[in-house]
Amino acid sequence: DQQVKQNSPSLSVQEGRISILNCDYTNSMFDYFLWYKKYPAEGPTFLISISSIKDKNEDGRFTVFLNKSAKHLSLHIVPSQPGDSAVYFCAARDNNAGNMLTFGGGTRLMVKP
Amino acid sequence: DTAVSQTPKYLVTQMGNDKSIKCEQNLGHDTMYWYKQDSKKFLKIMFSYNNKELIINETVPNRFSPKSPDKAHLNLHINSLELGDSAVYFCASSQGIRAYEQYFGPGTRLTVT
Chain A
290 DQQVKQNSPS LSVQEGRISI LNCDYTNSMF DYFLWYKKYP AEGPTFLISI
340 SSIKDKNEDG RFTVFLNKSA KHLSLHIVPS QPGDSAVYFC AARDNNAGNM
390 LTFGGGTRLM VKP
Chain B
3 DTAVSQTPKY LVTQMGNDKS IKCEQNLGHD TMYWYKQDSK KFLKIMFSYN
53 NKELIINETV PNRFSPKSPD KAHLNLHINS LELGDSAVYF CASSQGIRAY
103 EQYFGPGTRL TVT
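From first to last, the protein sequence lines are chains A and B.
Quick note: to get my numbering, add 289 to the position in the first sequence (first position is 1).
Quick note: to get my numbering, add 2 to the position in the second sequence (first position is 1).
Looking at chain A on its own, in the form it has when it is part of the complex:
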């Protein structure tokens, strides 16, 4: 029973354009949502987070949007750069389960020069 889902296994974008990565969840107890970036043979790297009481958080080229009613969040990367090519994981924290995170299956982003 996947509580966090990333339905697109891969996404290809041209350099300079916008990348939009999507994530859906089912657990209403999630209070924080996070995006992680992962390169091959490395651990995930924290990118950006958003509280469930907000609908947008921005950090440089990265913006996360949260639609609680739809149980949906997205990560926008503008402009996309070749170095952004990686696997992106969406994650969520259940306030009743300590700080353990539930991860989606990941989306592989390829930014073409």
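These are computed hints drawn from the structure, not numbers from a lab.
Keep in mind it's a predicted model, so treat the numbers as computed, not measured.
Where is the CB? At the ideal position from N, CA and C, for every residue including glycine.
Possibly wrong hints are sitting among the right ones.
Here are the simulated PhoX-like cross-link-like pairs (lysine-lysine), alpha carbons at most 20 Å apart as the crow flies [stated by the list, open to error]:
id, chain 1, residue 1, chain 2, residue 2
1, A, K360, A, K294
2, B, K54, B, K11
3, A, K345, A, K326
4, B, K38, A, K294
5, A, K294, B, K42
6, B, K42, B, K54
7, B, K42, A, K326
8, B, K54, B, K21
9, A, K326, B, K46
10, B, K21, B, K69
11, A, K357, A, K401
12, A, K360, A, K343
13, B, K69, B, K24
14, A, K294, B, K43
15, B, K24, B, K46
16, A, K326, A, K401
17, B, K54, B, K69
18, B, K43, A, K326
19, A, K294, B, K46
20, A, K360, A, K345
21, B, K24, B, K73
22, B, K38, A, K326
23, B, K73, B, K43
24, B, K43, B, K11
Chain A is nowhere near these chain B residues, computed Cβ spacing over 12 Å in every case [stated by the list, open to error]:
id, residue
25, Q8
26, K11
27, K21
28, K24
29, N28
30, T33
31, I58
32, F66
33, S82
34, Q97
35, P108
Guided by the hints, dock chain B onto chain A, whose structure is given.
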């Protein structure tokens, strides 16, 4: 000056053996975690631990046990290894009120033959 480190990076062993993976963090964090990334690339929490509390994901077999000699270390012991234990294991750490933002080690690829 690696923030979260793991040893070994690769571990190949036979079924039935007992093995350990070490994790150290130099971030001064108070909570550490172990995650398993299976062959389908899903990242799943196994344990969350600080000096007060161990939270175990109920799906983790009791052959797996975390051991913390001090606040900066959380080792993973696995008894009677099985083929299905083959995966990449990630250690992570976090701190305080932003404990949902976790910092990951580079991973240990375990192969059981």
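Check your understanding: Taking each numbered hint in turn, which are not upheld by the structure, reported in ascending numerical order?
Key -> 2, 6, 8, 11, 23, 25, 26, 30, 31, 34, 35
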